[in-house]
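Peer 1: Here is how the chains run, residue by residue.
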Amino acid sequence: MKDEIKSDYAVETRALVKSYYRGGVSFNAVDGIDLQVKPGEFVAIMGASGSGKSTALHLIAGLTRATSGDVYVEGERLSSLSDRALTIFRRRRLGIVFQSYNLIPHLTAEENVLFPLRADGRKLDESTRDKLRALMRELELEEQLSQYPDALSGGQQQRVALGRALIGEPAVILADEPTGNLDWTSSQRICAIFDKLNREEGRAIILVTHEPAVAIWSSRVVVLQDGRVVSDIPRAAYADASELAARYQELARVGAER
Amino acid sequence: MKFNFIVSTLLSRMRRQRARAWFVLLAIAASSCLIVWTVGGYKALFLDATSQDAPYLGAYDLRVSHAELAMTTTRRGGTFASPMARESYVHETPHKAQDDKDKDSGDARGKASPSRGGRADKLKTIPATLVEQLRNDEAVLACDEIATLTMFVYSPNSARSILEDEDADPEGKKPSYKRELDLDDDEFLPESATHEEVDPELRRKAFGALRATMGTPLGMGELFFSTTARESFYELNSGRWLTAPPTSGRAPREAVLTTQCAERYGAKVGDQLFLIGKSSLIGRTAEFQLTVVGIIEEPETSSFYVSSALGAELAAETELPYGVQALMLKLRGDVEGFRARWHDRLARAELTTTTSSEIATRRAEAFKQDQAFKYQAASGTLLASLAALLIIFTALNMSLEDNKRLIALYRVAGMTRGQIAISILLESASLAIPGWCVGMAVGWGVTLCASGKTTALNLESVGFSFVCAVLGAFFAALYPMLRSARVRPLDAFGERVERESYAVRIRRARVKLAVVSLLGLALIAFDFLLIRDVSLDAPKRAALHSGLGVLSLALGVAFLIPLAIRITELILMPPLAFLFRLDAQTMRRELSGNGRRVVAVALALSVGGGLFVTMQIWGYSMLDPFLPGRRMPDAFAAFLPTGLTDESVAELRASPFVDPERFLTVAVEQAAFAANSVAVPEGKAQFANVVFFGVDVERAFEGANPMVGVRFRQGNAQDAILAMKSGRGALITDSAFVDYRLSVGDVLKVAHPREPGKTLEYPIVGVVSFPGWQWLSKTGGVRRNFGRSDALVFVRSSVIEHDYQLGAPSYFWFDAPDGAPLSYHEVEARLDRLARKNLRRLEGDSLGSQVAYAKLSTRDSLTQSIMSRAESVIWGLSKTPLTTLVIASIATVGAVANSVRARRWRYGVMRALGVTRGELIRMILVEASLIGVVAAATSFAFGVLAAQGALMLGRSLFGTENPPMVMPYPGLALGFSLTLALCLIAALYPAIQTGRAEPIALLRSGRAPE
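First to last, the protein sequences are chains A and B.
Positions 3 to 260 (the working numbering) are the ones given, in order, by the first sequence.
Positions 976 to 1985 (the working numbering) are the ones given, in order, by the second sequence.
Quick caveat, the hints were computed from the structure, so don't treat them as lab data.
Be aware that a few hints might be false.
Stated by the list, open to error - Computed spacing ranges between beta-carbons, pair by pair:
hint, chain 1, residue 1, chain 2, residue 2, range
1, B, Ala1948, A, Arg24, 27 to 33 Å
2, B, Lys1854, A, Tyr22, 19 to 25 Å
3, A, Tyr22, B, Arg1556, 31 to 37 Å
4, A, Asp127, B, Lys1854, 53 to 59 Å
5, B, Leu1457, A, Tyr22, 36 to 42 Å
6, A, Pro107, B, Arg1556, 22 to 28 Å
7, B, Leu1457, A, Gly52, 54 to 60 Å
8, B, Arg993, A, Glu202, 50 to 56 Å
9, B, Phe1501, A, Glu144, 38 to 44 Å
10, B, Leu1457, A, Ser82, 51 to 57 Å
Since the structure is predicted, the reported quantities are computational estimates derived from the model, not experimental observations.
Quick reminder that beta carbons are idealized off the backbone N, C-alpha and C, glycines included.
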């Protein structure tokens, strides 16, 4: 595995296309996306259902292969990696958070968080334990370490998932609608954690959402429609969530009319 | 309309879930196949054994033989298809005095030869006048005579090996037998070394050389039918039937073999067979070379057919008793009329007539009474049905359980509970019925191929498999139907909603595990209580054990599977995870977290595996008492027929392969129980005699390291040895206790074999166990008067010598000195040379007609001989369970595949978090191998317990000893390897398929509400 950085971008996609067959007809879920995310940048991807935002995130995460185009993460061209190399790259350099938490039910919260390290064959020495304790303190999960996922609330489960994504100290965090199953309070709490990670630790974050109240935490918002980038809105272009929502509604209306 | 809606919904779902439907179909088909195979196989065996159409008399209509021979029926040895049962010919007529001829010849030689008595054979033959009268009857189209002989046979391979031995001679010398016979390279062994044609010395040499070169013949004496028949009794497989002998001169040296016999000897038409007569190797012996001219299609009997002219010559040469024992008649017209006409005349000569159908009827009756077969068939059927029921239930139930979220969606979308119930029932039926049909067809095909009987598909197998398929489907549907009534709309949307937390469920699971395990132990204990319940007689206990007991045992073992899973997981998962570079913590509950499926797979595989292990352990354990242990001296040598002079004994003792300090002379005699002195069990008449071993009591039994190690089952060694040394005290082997209830304090009474009316008595001072004595007495040449024997009796040698007026010592037991380098064949050749040298000492240079030879039985040769015979039987019996195991593994493919499919989401998460493709595949395969371990452990547990039960029952049911349990490790290793391999094969495709899938595909398919 090559760890050296070959690009200025934390994540870069070039003419990214992902085609699927549905009912015998091919269609592009992602249709030529060019996206650049700098190190330490927090990008939100918004779009309506079927706009290709989750697929784009999955491509960036290397969970599926692109039909054409390239994804570069820290300069590493994912399509050039074998499945094994890609998997190892993913567990070392990427942190992924899902909408449905995807915690393994028969592992405790602590075991779930440590899972990527164990999968990597890393020894759980005292420094790792210290790091775990610090992380769980940060996520306010110290009391829940020995509990199984089904004993945790949705917010707690998502924080465990976040802990799992962060334990390997990834350069990039990818979050696929992380607040989709959470109430407003929990949702804001998660967003605050993302914000802190971005601001204080300088981690690049790509977050897929359709909620303006979540997207507003990012430094810019990329809007997708029919698998294409239709707008790239910098943080300065909107004052608050309602303004962002209005711009997003407008983009959606124009798209629909087209 | 509503019904159409339900059906169309179901069909569309099944179309979408084609793979799942195929797996379920496969499981049901394999289960039905399993039942048809098991039930049909046993039924085919039964029908085959009880067939009324079998041509037992070949092309003949009637057999004329002595009444007692006509009644002989047995299942063992496959002898029913012979013109007469083999047992009829073994010439073991107990309580017979020595015939005058033998006595005269012994006296004429003026020596008290130990073999003087020979065997007290007395054939029941058919008078020549009666044969003539029958031939002259107008209704008789053909009247062919049958007589029998028992001879040792050397295989064509052995024959070839000596004929081709030249190449093996490093110095370019002739092979040993040619050197000894002084034959040229292009000369072969004389076809028959008879008195008239070959110099006696040459004959002696030939015999010794043959024995030295070829070793011990295969088998313990083969059955030869000599006949006047001019046509084959049965269909010719290859070659031709025997040619008519010339009116004068020597009969052609040719033989026709049955197919089984040809297979045993690896013989084909044109091969040469070497014969040595007679079977006991006592008395005169001659050797012959016959050519195989034909092989006949007679599948059940291993026997040889020769012309009656050749039979008479063989008998004359070997002094075997010979005479027409049966007539095979082809009749014109009414068979019953003929029988009625001849009934009185035949009855006066103690003769009777038998037809093919009567033999078939007797055989059928005997077979129907065969308890062992009944129990085996009942247990096998029960277990197969149970396993099939569980496989069908599990396969369908898993499929329906996996659709729980979909069922919830149906509920949300407006389907009523009733509609869902109908849908579930229809799904079960739509998979169960086609699966059952396919299973029946395949099962029928498998059984047909294995047994060659079209009758394999019978009402029982159809019924059993149908009941299992229907019941399995019904119960499989019932549970999800009940569950579906409780499915909440929320289940359609979220993750699995459990009423209790994972931690609580783990605690509850532990309690459940304990309860289920205790229940399993209780069920196993119930079977053993049943076996030991002395208030019931043995047959009732056996019947109960075969039905209720085996079911209870199987359920008990099944209930212990979850415990086995947990233990396997705890013990084996960490090292396996380490070995395959997997994370042990992730793997720690992969097996128990998937409990139901693992139980189903383990159970399915355990049916075949368990029966296989049972068969192996039981078979080898039953064999154990017959195997000579370390307590038997290394070698037993018989010098026949003359025994050894004192000078020769000293020479033997000084031989390099004899430890002079551990050398015993044994005085041997065989005598029948005195009339009415014991109650002879039914069917044991031929065994009702004992072999006496007269020994130096002190050397044999006393001291720190006695030569003959016996274990006292009754009495104590000190008192017994004292009684033997000071009087007529006898130690009897425990077989006499089991069969005749002879115990310490009783008096053994036997009839003197050569003095009619004289009874000899020996107080019994100990009942001992002496494993291996049966085979020693069989091969050691000590059954001097009867072909079989039921006990060995140790008495002081001087008592035996005096009682039976034995002459020169003939039998010797000795241990080899440490590091003795000589092989069996070398030792036997040396002993043979000593025997011939001894004969010269006795007779000087004027060689008479005597042949002297030695017969060697070593502990190793006895063991090899027993094992080679028994293993073929045990492995023959093990074939059915192994086939069952393979069929069951097909049924488990679906369960393993579904088990992997059901966890695709979890695998997707793992892949997303950095588990590589290879690691995932390894994870699935490690899990499969652990399932294999659980299945193997379950098979082993069931096998051990069932075998133990069978051994315990065997003692009371069949009167056998309760032998120690023997673990045949190579066989068990094969069974376990097969189980493991089958599990891995079943998991290979799902593992690779899952490994190849993209992480996102796994995540999506796992979350899809299918």
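Peer 1: If a hint holds in the structure, say so; if it doesn't, say that too.
Peer 2: Hints versus structure:
Distance hint check for Ala1948 of chain B and Arg24 of chain A: the Cβ-Cβ separation is about 53 Å, which falls outside the suggested range of 27 to 33 Å. For Lys1854 of chain B and Tyr22 of chain A, the Cβ-Cβ distance of about 52 Å falls outside the hinted range of 19 to 25 Å, so the restraint is violated. The given range of 31 to 37 Å is respected by Tyr22 of chain A and Arg1556 of chain B, whose C-beta atoms sit roughly 35 Å from each other. Taken as a hint, the range 53 to 59 Å holds for the pair Asp127 of chain A and Lys1854 of chain B, whose Cβ atoms sit roughly 56 Å apart.
About 39 Å separates the C-beta atoms of Leu1457 of chain B and Tyr22 of chain A, a value consistent with the hinted range of 36 to 42 Å. Between Pro107 of chain A and Arg1556 of chain B the beta carbon distance is about 24 Å. The supplied range of 22 to 28 Å therefore holds. Separation of Leu1457 of chain B from Gly52 of chain A is about 39 Å and departs from the stated range, judged on CB atoms against 54 to 60 Å. In this structure the hint that Arg993 of chain B and Glu202 of chain A lie 50 to 56 Å apart at CB holds, the actual value being about 52 Å.
Judged by the Cβ atoms, the range 38 to 44 Å given for Phe1501 of chain B and Glu144 of chain A is violated: they are separated by roughly 52 Å. Restraint check, Leu1457 of chain B to Ser82 of chain A: a C-beta distance of roughly 54 Å satisfies the suggested window 51 to 57 Å.
Going down the numbered hints, you'll see the structure goes against 1, 2, 7, 9, while the others check out.
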